[in-house]
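With the hints as extra help, turn the sequences into a complete structure.
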Amino acid sequence: MKCGVSQVCITPAVGVELAGYAARQQPSIGIHDDLYVRGLYLEQEDERLLWLHADLIGFEREQVQRLRRALAAELGLPERQLLFSAAHSHSGPATVRLRAAGTMDAGYLAALDLFRRRGLPPGMRPPAAESAVAHRPGPAGAGLPAD
Numbered sequence: 001m002k003c004g005v006s007q008v009c010i011t012p013a014v015g016v017e018l019a020g021y022a023a024r025q026q027p028s029i030g031i032h033d034d035l036y037v038r039g040l041y042l043e044q045e046d047e048r049l050l051w052l053h054a055d056l057i058g059f060e061r062e063q064v065q066r067l068r069r070a071l072a073a074e075l076g077l078p079e080r081q082l083l084f085s086a087a088h089s090h091s092g093p094a095t096v097r098l099r100a101a102g103t104m105d106a107g108y109l110a111a112l113d114l115f116r117r118r119g120l121p122p123g124m125r126p127p128a129a130e131s132a133v134a135h136r137p138g139p140a141g142a143g144l145p146a147d
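Just so you know, the sequence shown maps onto residues 1 to 147 in the numbering used here.
Just so you know, these hints were derived from the structure itself, not from any lab.
Note that the structure is predicted; figures quoted are calculated from it, not measured.
A few of these clues could be false.
Unchecked claim - Simulated restraints on C-beta separations: (1) Arg24 with Asp46: 39 to 49 Å; (2) Pro78 with Met1: 35 to 45 Å; (3) His88 with Ala140: 21 to 31 Å.
By construction, the Cβ of each residue, glycine as well, lies at the ideal position given by its N, Cα and C atoms.
Structure (structure tokens):
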């Protein structure tokens with residue numbers, strides 16, 4: 001088996017609206033912990049999987065569909081081998097439409113184009129490509145509790 005991992009910071013600037021609480025009446029006022037998107041790439045023979053996990057409340061369906069198409073084309077992976085997940089963080093920016101739970105910030109969403117080279121420092125790959133390109137042989141296993 002071959003595997004690759006990566007992460008990139010996606011912490012927004014102070015002042016974006018946060019997701020998840022209808023009673024919250026103000027934008028963010030500081031940063032307690034950075035937010036990340038992490039990539040895990042697994043390959044065994046002709047089977048491959050790229051799993052991208054973000055410290056966000058979630059993804060909109062349209063965003064996932066667009067990212068799947070772009071990544072499939074860039075990395076040569078079938079769309080079915082691209083998996084997205086989110087931490088469902090209520091302390092991050094609004095990235096999904098929820099009633100009375102923060103307005104999505106168009107500027108942040110544009111910058112959150114996690115999987116394109118635009119906006120990244122020279123020489124830095126997007127997290128998806130980094131984990132897929134930097135893969136190498138490694139062990140994998142599973143464990144079960146003892147009786």
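Each hint, compared with the structure:
The given range of 39 to 49 Å is respected by Arg24 and Asp46, whose C-beta atoms sit roughly 48 Å from each other. For the hinted restraint 35 to 45 Å between Pro78 and Met1, the CB-CB distance of approximately 19 Å leaves it violated. The given range of 21 to 31 Å is respected by His88 and Ala140, whose C-beta atoms sit roughly 27 Å from each other.
Checked against the numbered hints above, the structure violates only hint 2.
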